[in-house]
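These are the residues of each chain, in order.
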Amino acid sequence: MSVEKYLKHMRIDRLPHVWCPGCGNGTILKATVGAIDELELDPSKIAVVSGIGCSSRATGYLNYNTMHTLHGRAIAFATGIKLSRPDMTVIVMTGDGDAGAIGGNHFIHAARRNMDISVICFNNNIYGMTGGQYSPTTPEHSYATTSPYGNIEEPFDLSRLAITSGATYVARTTTYHFVALQNYIKKAITNKGFSLVETITQCPTYYGRYNKIGTAPEMINYFKDNGMTLAKALSTMKEMDPDVNYDGFNVNALLEKAVEKLPEKLIIGEFVNKSKRGYVEKYEEILDKAKEKLASSKA
Amino acid sequence: MYKAGDYVLMQGDKACALGAIAAGCRFFGGYPITPATEIAETMAEELPKVGGKFIQMEDEIASACSIIGASLSGAKSMTATSGPGFSLMQEAIGYASMTETPCVFVNVMRGGPSTGMPTRISQGDIMQAKWGTHGDHPIIALYPSTVKETYTLIIKAFFLAEHFRTPVIFLMDETLGHMRESFEIPEIDSKFILPRLSGEDLEDEEIYHPFESFNDTTTPLMSMGKSKFHVSGLVHDETGFPMGSSSMAEKLLRQLDKKIRMHRDEITTYEEYMTEDAEILIVAYGTAARAAKRAVKLARVDGMKIGLFRPITIWPFPNARLVKLLQQVDAVLVAELNLGQIFQEVSRLNKQKKLLRLLSRVDGSLIPPEQMLEAITEMRIELDEY
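Quick note, the sequences are listed as chains U and V, same order.
No gaps in the numbering here: position 176 of the first sequence is 176 in the numbering used here, and each next residue is one more.
If you want the numbering used here, it's the position in the second sequence, counting the first as 1, plus 1000.
One or more of the hints may lead you astray.
[Claimed, not checked] Counterexamples of contact, computed for chain V against chain U with all Cβ distances above 10 Å:
(1) Gly1112
(2) Pro1118
(3) Phe1214
(4) Thr1219
(5) Met1274
[Unchecked claim] Under the rule of at most 30 Å between Cα atoms (straight-line distance), these lysine-lysine pairs were calculated in the DSS-like manner:
(6) V:Lys1226 to U:Lys8
(7) U:Lys257 to U:Lys212
(8) V:Lys1226 to U:Lys5
These are computed hints drawn from the structure, not numbers from a lab.
Backbone N, C-alpha and C define an ideal beta-carbon position, used for all residues, glycine too.
Just chain U, with the same shape it has in the complex:
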């Protein structure tokens, strides 16, 4: 595969990037531009918006319209862009702290509105830019600079949060599963509604080191060994509990159950992919109604 395919989407003069050796963020960046390249989108009609954190530095390397905004607020900025310019493809690049903690409110409300934005979340389970503090997705008992005795908070499942808030495309994968990642990003961009691609990525510098998971290759191997598709998880759980009617579970309930039954596994795959009109499409009708009202008041 030609490297040109990727480089033409990048601001080469901005490289080298700021990320640590072994960081997974570059993999997600590559999958994103790979997806955009295959979709043959007009680069001047793409806006990529990020917040603050390691993930959010991605926008600076992309040769589109790019906004590096405030911590947690990328989705709110992106909402303004998408609503004012429905012709543009709007992508948000964010992290687990950016989207799940400080920006949690914007995340759930954009999903609720089914706002046509594709959120690519770099979930490394830690605040990397500030030096390794626990985030809303840090697993319980994990170590971070602000959880030196082990984390006592329960983590958020960002995919489940998006599903239950109304997102119309939700997929989760890891940096090991590159082909799936690029494919999910393509589908997220194509979906006319709120999409989340949650990507579990390695932070060997902080999360891996503090939790003794090892170097970047060891972390990626962990993703390889423990990543399990929801379909596989479902069949495994059916074998474990033949008396439970898992076919009657919705995707959110299945994901919740999988965490309980298969606690070591990272449940990945495409969780939601449905067609539903969102705010931007519905607002077109508001425009028509308002113009009719204006015309009738003049008549």
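The hints should help you fit chain V onto chain U, whose structure is shown.
Relative to the frame of chain U, chain V by itself:
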């Protein structure tokens, strides 16, 4: 929708919204809050009639961010709020300042701090309008005192935001926002409606540098989707990218400051009433200035030479003219609905140590003209002994 020449009876909040639409505002992101809600309600009703977009966001932070996003992608944008919401918007105002994004933030002031007095008038956010967001930054803040002036001044707010590529704070107050007055919808001077650069204005080989400046003015903003550029809240060079060099930070912060400071005369406006021969000057603004004007009229009937100076541009403060007036008059009374925010500003200018007094009220009521006259009478006694 009204047209020029229509005679209307209108609430201040509504005039603010309709004036903004007349100025070309096509995006509004907001959140309900007393006493600014009527601005959002009017926008929800009227914006789609002209093809504009309205969204009620999940909070004021999101509202502020949404209008910056919309502005960068080509729509003249506004939000409206009051004290608590204005506090939440401060970080985004700093981002708009740093990224030189034109947008208008309306703050219909109510009693504070905190939840304060939601339905009562206050002028407590004067300094917050200037220094609310962190870091050194320039700001423009305007404050009308009548419903008609609200309609015309918001058009100027959009002009200044676009021309100087800066957030503009449009101050109002609870009384002004909820008061109804009759006026004739004015003709808009087209020179105040600035179009955005389109991509077609660029030569193919030319690269757009969104933060280049010429003669202390930043290059006009091109909309996203027409060219490709990067914006960041980090210190950046003319291309928009963070450089991490300290000399770049120095250059950027001074340029941001200069683009307002060097054009102060173009920006500042004020009203003077019977100042020609005034011996005592009242400084008042917004709704408080209406009572001050009445006090001047009443005093003149009694033969007292009183005048009114009403800053319309609050920031940058119209220093130059006030310094001249301070040389002329014997004494100055600052009448405001806070504990002396503009009083401090006037004190700094009072180099000749003219008698300077503050008349302030923070009980959610206006200062009646009679109370101002009493203060002036006391000042006249003081002057005899001064």
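Against the structure, the hints come out as follows:
1. Gly1112: The claim stands: glycine 1112 (chain V) keeps its Cβ more than 10 Å from every Cβ of chain U (closest is about 23 Å).
2. Pro1118: Holds: least Cβ distance 22 Å, greater than 10 Å.
3. Phe1214: holds (23 Å)
4. Thr1219: holds (17 Å)
5. Met1274: Methionine 1274 (chain V) is indeed farther than 10 Å from all Cβ atoms of chain U, at 44 Å.
6. V:Lys1226 to U:Lys8: holds (19 Å)
7. U:Lys257 to U:Lys212: Holds - the C-alpha atoms of lysine 212 (chain U) and lysine 257 (chain U) are around 27 Å apart, at most 30 Å.
8. V:Lys1226 to U:Lys5: holds (23 Å)
In the structure shown, no violation is registered for any of the earlier numbered hints.
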